[in-house]
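S.K.: Going down the list, the protein sequences come from chains A and B.
Residue numbering for the first sequence follows this note's numbering, starting at 730 and increasing by one per position.
Residue numbering for the second sequence follows this note's numbering, starting at 387 and increasing by one per position.
Calculated directly from the structure, the hints in this document are not laboratory data.
Check each hint, because a few of them may be wrong.
[Claimed, not checked] In the SDA-like style, the derived pairs of lysine to any residue whose C-alpha atoms are separated by at most 25 Å in a straight line are: (1) 884/A to 510/B; (2) 907/A to 516/B; (3) 505/B to 898/A; (4) 505/B to 883/A; (5) 470/B to 885/A; (6) 907/A to 532/B; (7) 505/B to 459/B; (8) 560/B to 439/B; (9) 897/A to 532/B; (10) 488/B to 795/A; (11) 884/A to 415/B; (12) 470/B to 795/A; (13) 907/A to 599/B; (14) 897/A to 444/B; (15) 560/B to 885/A; (16) 910/A to 498/B; (17) 884/A to 607/B; (18) 884/A to 572/B; (19) 897/A to 468/B; (20) 510/B to 740/A; (21) 897/A to 447/B; (22) 512/B to 533/B; (23) 488/B to 990/A; (24) 884/A to 599/B; (25) 884/A to 444/B; (26) 510/B to 908/A; (27) 990/A to 795/A; (28) 538/B to 795/A; (29) 408/B to 636/B.
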Amino acid sequence: MKRLLINKIVLALSTISAVIGLAFLAWILVTLFVKGLSSFHFSLFVTDLINNGLRNLIIGQFILAGFASVIGIPLGMIAGIYIREYGRGRYANIIRNLSDIMMSAPSIVIGAFVYAIIVVPTGHTSGFAGSIALAIMMIPIVISTTDSMLSLVPKELREAGIALGASKYRVILDIVIKAAKVGIMTGILLAFARIVGETAPLLFTSQTSNYFSLDMTHAFPSLSVSIYDLASDVQTSSRDLAWAASFILTAMVLIINLTGKFITRNKK
Amino acid sequence: MLVMNIEKFSFTYPGAEAPSLKNITLPIEKNKITSLIGPSGCGKSTLLRSMNRIHDLYPGNTYDGKINLLNETTGEYDNILAIKKENDFIQLRQKVGMIFQKPTPFPMSIFDNVAYGLKIDGIKNKSELSDRVEAALKGSALWNEVSDRLGKSAMGLSGGQQQRLCIARAVAVKPEVLLFDEPTSALDPISTAAIEELIVELRNDISIAIVTHNMQQASRISDYTAFMYLGDLIEFDKTENIFLNPKEQQTEDYITGRFG
Numbered sequence: 730m731k732r733l734l735i736n737k738i739v740l741a742l743s744t745i746s747a748v749i750g751l752a753f754l755a756w757i758l759v760t761l762f763v764k765g766l767s768s769f770h771f772s773l774f775v776t777d778l779i780n781n782g783l784r785n786l787i788i789g790q791f792i793l794a795g796f797a798s799v800i801g802i803p804l805g806m807i808a809g810i811y812i813r814e815y816g817r818g819r820y821a822n823i824i825r826n827l828s829d830i831m832m833s834a835p836s837i838v839i840g841a842f843v844y845a846i847i848v849v850p851t852g853h854t855s856g857f858a859g860s861i862a863l864a865i866m867m868i869p870i871v872i873s874t875t876d877s878m879l880s881l882v883p884k885e886l887r888e889a890g891i892a893l894g895a896s897k898y899r900v901i902l903d904i905v906i907k908a909a910k911v912g913i914m915t916g917i918l919l920a921f922a923r924i925v926g927e928t929a930p931l932l933f934t935s936q937t938s939n940y941f942s943l944d945m946t947h948a949f950p951s952l953s954v955s956i957y958d959l960a961s962d963v964q965t966s967s968r969d970l971a972w973a974a975s976f977i978l979t980a981m982v983l984i985i986n987l988t989g990k991f992i993t994r995n996k997k
Numbered sequence: 387m388l389v390m391n392i393e394k395f396s397f398t399y400p401g402a403e404a405p406s407l408k409n410i411t412l413p414i415e416k417n418k419i420t421s422l423i424g425p426s427g428c429g430k431s432t433l434l435r436s437m438n439r440i441h442d443l444y445p446g447n448t449y450d451g452k453i454n455l456l457n458e459t460t461g462e463y464d465n466i467l468a469i470k471k472e473n474d475f476i477q478l479r480q481k482v483g484m485i486f487q488k489p490t491p492f493p494m495s496i497f498d499n500v501a502y503g504l505k506i507d508g509i510k511n512k513s514e515l516s517d518r519v520e521a522a523l524k525g526s527a528l529w530n531e532v533s534d535r536l537g538k539s540a541m542g543l544s545g546g547q548q549q550r551l552c553i554a555r556a557v558a559v560k561p562e563v564l565l566f567d568e569p570t571s572a573l574d575p576i577s578t579a580a581i582e583e584l585i586v587e588l589r590n591d592i593s594i595a596i597v598t599h600n601m602q603q604a605s606r607i608s609d610y611t612a613f614m615y616l617g618d619l620i621e622f623d624k625t626e627n628i629f630l631n632p633k634e635q636q637t638e639d640y641i642t643g644r645f646g
């Protein structure tokens, strides 16, 4: 009897916890949807912030995250391959632990770091500084994904490649990475989704701009930083625009995440 | 004629106190099938994996003694334990191929799987590649089953087909020796029979060493049998002598099922 009772209590507690957690998530999404949609209009996609549109911000956000990926994905993948395939013992473990610590580093600290090493010496904020801050956030995520996906590739597959006369690097490039491809791609997509919505690393590195710009050597339009600015504006119209921008940003992140899930499910 | 001659060979894994193989002397006859039998942990797989030095994928092993491999061009024997350079390792493994317990198809098409070793070897000519792939697949009794889907992923084949694909892949590079590490223990009886038939046929071109847990398999297909126990080679002889008239008590106990 007692065991049954405990079972019921635990079940009830975990159900309540799950419901509370999901309720808040639903609340956020519903608020975002209602408020965002009421100020949403397709003209937001064709005009820039200076004319109360979001076009320059959305494009800017993707360029910032895209350039960060150009730096972060290769570096992270190569480092991940190193610690899984080449690194031995303690040295690889130190790098792995450092990368894990980096992953939990507060994003505002990364922003402050890039501010100190790039913005201060160059004298002004720039798109490059923002992308580098995002890349620093991305690298440990890509390292950890690559590392764990490569660890799932059975060692027999590597041995079979070696036994055919392939050298180690060819086995890694031709066989091991191919076998882990879907997992690594999903991880990279999730890492991209993670950085595309970041604000803190950009706040004082790229800042934002009201105008359309492709010049990454100066302050660069950023959707997330502009949401931060607009949301604290005195004018109601600005705050409405912030809701619409939040809605669009959330939708983008959601779509990228779902794409990642979709790829994994279809390949398994 | 011997294709390989193992002399006073000892092997110690990194960090292990005692050697896993002690003073093994074993001849591998050319164009014959030599099977290695013995209970789990006797060192038969360790010995097989020394014969193309696949152990060296993981550093820190200690080799002692000699493993001599016939050099077909000079007619002399080279000690493969002396190999240090990456290039020489690659050549060794092209001469001494290996088939594993679990089928290991690469995540690519059937054609690319078989062509992989050939491409590594530097063959780029498309028609030569497809001729060699076809020959290897025919030689592995897989051609009829896959000829219409060479471009499809190898992962879609059944376990037995995957294992025959792995054999085709190894045969394609024309090795002198093929090492089989329990090639049928993950397969059903019908696939096992097909693989055994294939191994017997391969003997005409390739010398074969096979590790097996299945004593019936050893007696069915092999010409010579080596019985190993706790890192020692207890007895080596023609297969019929080992199974009908073993000289050592331990061998008799093992093949009659009294232990192991």
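S.K.: Go through the numbered hints given earlier and state which of them the structure violates, listing their numbers in rising order.
M.R.: Of the numbered hints given earlier, those the structure breaks are 1, 9, 10, 11, 12, 13, 17, 20, 23 and 28, listed in rising order.
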